[in-house]
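Could you build the full structure based on these sequences and the hints that come with them?
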Amino acid sequence: MLNVSLMNLFRTILILAAAFLAVFGEATLPVLRHWLGAQVDLLPVLMVYAALNADLATVSLLAVLGGLWFDALSANPMGTSILPLVAVGFVIYLRRDLILRELSFAQLVLGTTASAIVPGLSVLLLLTAGKQPLLGWGSLWQWLVMTAGGAVATPFVFALFNWCDRSLGYQPRVEPGFRLDREIRRGRL
Amino acid sequence: MFRKKNYLALGAVTLLALLILSLPPRVTAHLKLTMGSLFLPLFGLANTTQQLPADLADSVLPRRELLQQIDRLRRENDQYKALAVQTAAIARENDQLHSLFGWQQQAPWKLKLANVIMRDPANWWRTVQIDLGSRDGLRENLPVLTAEGLVGRVSSVGLTRSQVVLIGDPNCHVSALVENPAHDTGIVSASGPLDTSLVDLTYLSGSASLKPGQNVITSGLGGVFPKGITIGQVMDSRPVEFGLYTEARVKLSANLGALDQVWVLFP
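If you read the protein sequences in the order shown, they are chains P and X. Residue numbering for the first sequence follows the working numbering, starting at 15 and increasing by one per position. Residue numbering for the second sequence follows the working numbering, starting at 13 and increasing by one per position.
Read the hints as simulated data drawn from the structure, not as lab findings. Treat each hint with caution, since some may be false.
Here chain X is said to cover these stretches of chain P; the calculated rule only asks that three of the stretch's residues, wherever they fall, bring their Cβ under 8 Å from a Cβ of chain X [claimed, not checked]:
| id | region |
| --- | --- |
| 1 | 124-133 |
| 2 | 161-170 |
To spell it out: a stretch of chain P is covered by chain X in this simulated footprint if at least three of its residues, at any positions, have a beta carbon under 8 Å from a beta carbon of chain X; those stretches are [what the hints assert, rightly or not]:
| id | region |
| --- | --- |
| 3 | 50-62 |
| 4 | 69-79 |
| 5 | 99-110 |
| 6 | 142-151 |
Built from N, CA and C at the ideal position, the CB exists for glycine as well.
Right under this line is the structure:
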């Protein structure tokens, strides 16, 4: 029981650390913005992973902390990014038993959907709050880049986390079929 | 599927988000700075990592090349010294003329160099953060520029870093003047989200006579930007609202896509 909760804690810390680094990377690495004119957001992708593989507390923490970190480095009003992330995270979490999470195609589709919905909801929220984000026909291209970038990144993020789980996480002990007390001793006959 | 625990968690997070959204601006600003300061160790690490290759390259640079560089810099320095003497003479002459005509003398610019440490992660804002804060004397609305031209203004100030809203963002309006015989004035406002080198110059009079290549500078109206800072050059213009006023596209002099260091202008 303790091992399971420690395992969950490890996964939560890993996801939050990834979100922290993702936000930092988005703010400091201008390569994609320079070449494609838009920055790819990895928080929706992480939310897809968390919603499919972690518990409810992790999904909530990722939405709150990831959203706050993103808004802290952005000109967004604080709290803007929380609601879109939590909306996507909860919908996936509630349906996760029906999703074939091991399939790359399913990951790709979910990553695409989440990466398309989260920025859209954020902008909608900003407009509702009376803010004036920088929008135009070019925003459509930016939205496409964010969606495609998120879609491409999702299987990689899943693979990375699965590798981390295997390498660093607790692996449940597999009981061997062979037991000494059940050994059939053969006589001479 | 919809268990009580799920509902409670969803409700709690939504409530928290709404609570944060409805906080007063001062509290939000503090929260923003607090959350942003969590990234400070990473900024330090990133700076060190970026500096490392440069230091490494310096350490393996041959002595002969270093001496050549010193020689070149010494010559450049001499040229700048001569230019400074000339500029000082022109400034004295300018002051004399100002006093002769009874015009108010323009105070010399006080500039402070700042490093751009990050850009806005959201695609719908055009802001950067610099490594100067209130402990360096920064305050809101100070103009920010490069040697090429205007960059934006300081929008919020923390202890060690500040946010600069760049020209072309919907929150950065600049009163501008076209250097043509009519001295047409307008407002530089947001342009499209993709091209950071173009901005729109709006509210020019319907009879404005704009030609491509004409310089656009700050007009000094509005009280934020002093007069005479280069903004860019007119690319093209078109009448809008049935010729009621004219709108022009301006190519910015400063390259906003590749900002490493900027100057903060103190009045």
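Evaluated hints:
1. 124-133: Three-residue rule not met by the region 124-133 of chain P, so violated; n is 1.
2. 161-170: violated (count 0)
3. 50-62: With 4 residues close enough to chain X, the hint holds.
4. 69-79: Holds, because 6 residues of the region 69-79 of chain P bring their Cβ atoms closer than 8 Å to Cβ atoms of chain X.
5. 99-110: holds (count 5)
6. 142-151: holds (count 7)
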